[in-house]
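Trainee: Chain residues, written in single-letter form:
2 protein chains.
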Amino acid sequence: MMISTRGRYALRVMIDLAENYDGKYIPMKDVALRQDISLKYLERILPALTKNGLIVGVHGKGGGYKLVRHPDEYTVGEILRLTEGNLSPVACLAHDADICDKAKECRTLNMWQGFQKIANEYFDGITIADLMKKE
Amino acid sequence: MMISTRGRYALRVMIDLAENYDGKYIPMKDVALRQDISLKYLERILPALTKNGLIVGVHGKGGGYKLVRHPDEYTVGEILRLTEGNLSPVACLAHDADICDKAKECRTLNMWQGFQKIANEYFDGITIADLMKKE
DNA sequence: ATATTAAACTACTTTATAAGTATGTAAATG
DNA sequence: CATTTACATACTTATAAAGTAGTTTAATAT
Chain A
1 MMISTRGRYA
11 LRVMIDLAEN
21 YDGKYIPMKD
31 VALRQDISLK
41 YLERILPALT
51 KNGLIVGVHG
61 KGGGYKLVRH
71 PDEYTVGEIL
81 RLTEGNLSPV
91 ACLAHDADIC
101 DKAKECRTLN
111 MWQGFQKIAN
121 EYFDGITIAD
131 LMKKE
Chain B
1 MMISTRGRYA
11 LRVMIDLAEN
21 YDGKYIPMKD
31 VALRQDISLK
41 YLERILPALT
51 KNGLIVGVHG
61 KGGGYKLVRH
71 PDEYTVGEIL
81 RLTEGNLSPV
91 ACLAHDADIC
101 DKAKECRTLN
111 MWQGFQKIAN
121 EYFDGITIAD
131 LMKKE
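As they're listed, the protein sequences go chains A and B. The numbers in the numbering used here rise by one with no breaks, and the one at position 91 of the first sequence is 91. The numbers in the numbering used here rise by one with no breaks, and the one at position 82 of the second sequence is 82.
Keep in mind that the hints were calculated from the coordinates and are not lab data. Here the structure is a predicted model, which means the values were calculated and not measured. Beta carbons are placed, not taken as given, at the ideal position from N, Cα and C, and that holds for glycine. Treat the hints with care, as some may be off.
[As the list claims (entries may be wrong)] Covered stretches of chain B (in silico footprint by chain A; criterion: 3 or more residues with CB under 8 Å from a CB of chain A, positions within the stretch not fixed):
1. 6–20
2. 40–46
3. 54–68
4. 115–123
[Claimed, not checked] Here are a few chain B residues that sit away from chain A, every Cβ distance over 10 Å (derived from the structure):
5. Gly23
6. Tyr25
7. Pro27
8. Thr50
9. Ala91
10. Asp96
[As the list claims (entries may be wrong)] Derived Cβ-Cβ restraints for the label pairs, each shown as a range:
11. B/Asn52 / A/Ser38: 39 to 49 Å
12. B/Glu105 / A/Asp101: 44 to 54 Å
13. B/His70 / A/Glu19: 30 to 40 Å
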């Protein structure tokens with residue numbers, strides 16, 4: 001599978017934060033409950049988003065998380081790349097893959113790269129705002 | 001990862017059979033050697049291709065495998081779908097996935113389906129002939 | 001016929017990754 | 001200072017990918 005629960009859950013969190021935004025910080029406990037996802041698991045995924053400045057978290061009472069941009073300024077592509085590594089269809093193109101010594105003679109490398117390009121373009125063309133529930 | 005070694009190896013076998021075609025049957029032992037892939041593992045992957053009539057295998061001396069169509073009549077999409085199941089980016093769309101009870105309210109289902117469509121179209125637009133070494 | 005070659009089948013093992021849990025620490029507020 | 005919530009780390013479990021081993025069946029050449 002190309003997109004695991006990690007990336008899917010991250011997206012759901014972002015959408016949830018967007019849809020339930022009311023100016024205040026939203027505790028992840030609430031999101032976990034609404035989305036029916038383990039709080040602890042979410043807490044392991046969120047650092048990828050906070051460290052890269054997509055959301056801010058504040059500690060303590062009244063704390064929680066909040067988006068820092070308008071929902072239409074987050075692309076799905078950026079969220080998935082941060083949580084899933086890159087959007088590679090094959091191991092050869094993964095972010096941490098060692099350069100294949102057969103790359104020169106590889107018949108399919110080009111095809112995989114072309115696909116990766118398409119995947120990035122597709123997901124970069126969709127924003128969180130696009131995914132929010134319409135009234 | 002969306003495409004595992006299963007699908008990648010199947011593609012390499014098909015390309016190898018196409019490039020080394022000389023009218024005779026080609027033993028998988030030779031392909032395994034050329035491609036540096038375990039013979040035993042290849043033998044586990046091939047049934048997906050023989051059972052669906054993409055290649056024929058004959059037993060015994062002088063036996064081996066052979067393509068039944070011209071290389072430009074095999075799409076990469078068809079080979080990957082047979083070996084990998086369907087080309088689903090997420091578990092929800094996998095061939096054997098049980099219908100999600102949250103599908104109605106899912107904000108992202110549409111997006112995944114759209115991506116799956118694009119993936120299929122991309123790989124259906126490439127044939128084995130396109131991947132063969134050019135003289 | 002029979003030895004040889006190679007596909008086809010079945011069951012098993014190993015390895016890797018995904019997914020989730022548990023426990024504890026740090027920061028903020030009432 | 002008690003409570004709440006983010007943040008950090010280590011651990012466990014589940015699932016799937018990847019690969020092996022052994023056996024059987026079918027074809028050919030001698």
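Trainee: Against the earlier hints, flag every one the structure doesn't satisfy and list their numbers going up.
Mentor: When the structure is compared with the hints, numbers 2, 3, 9, 13 turn out to be violated.
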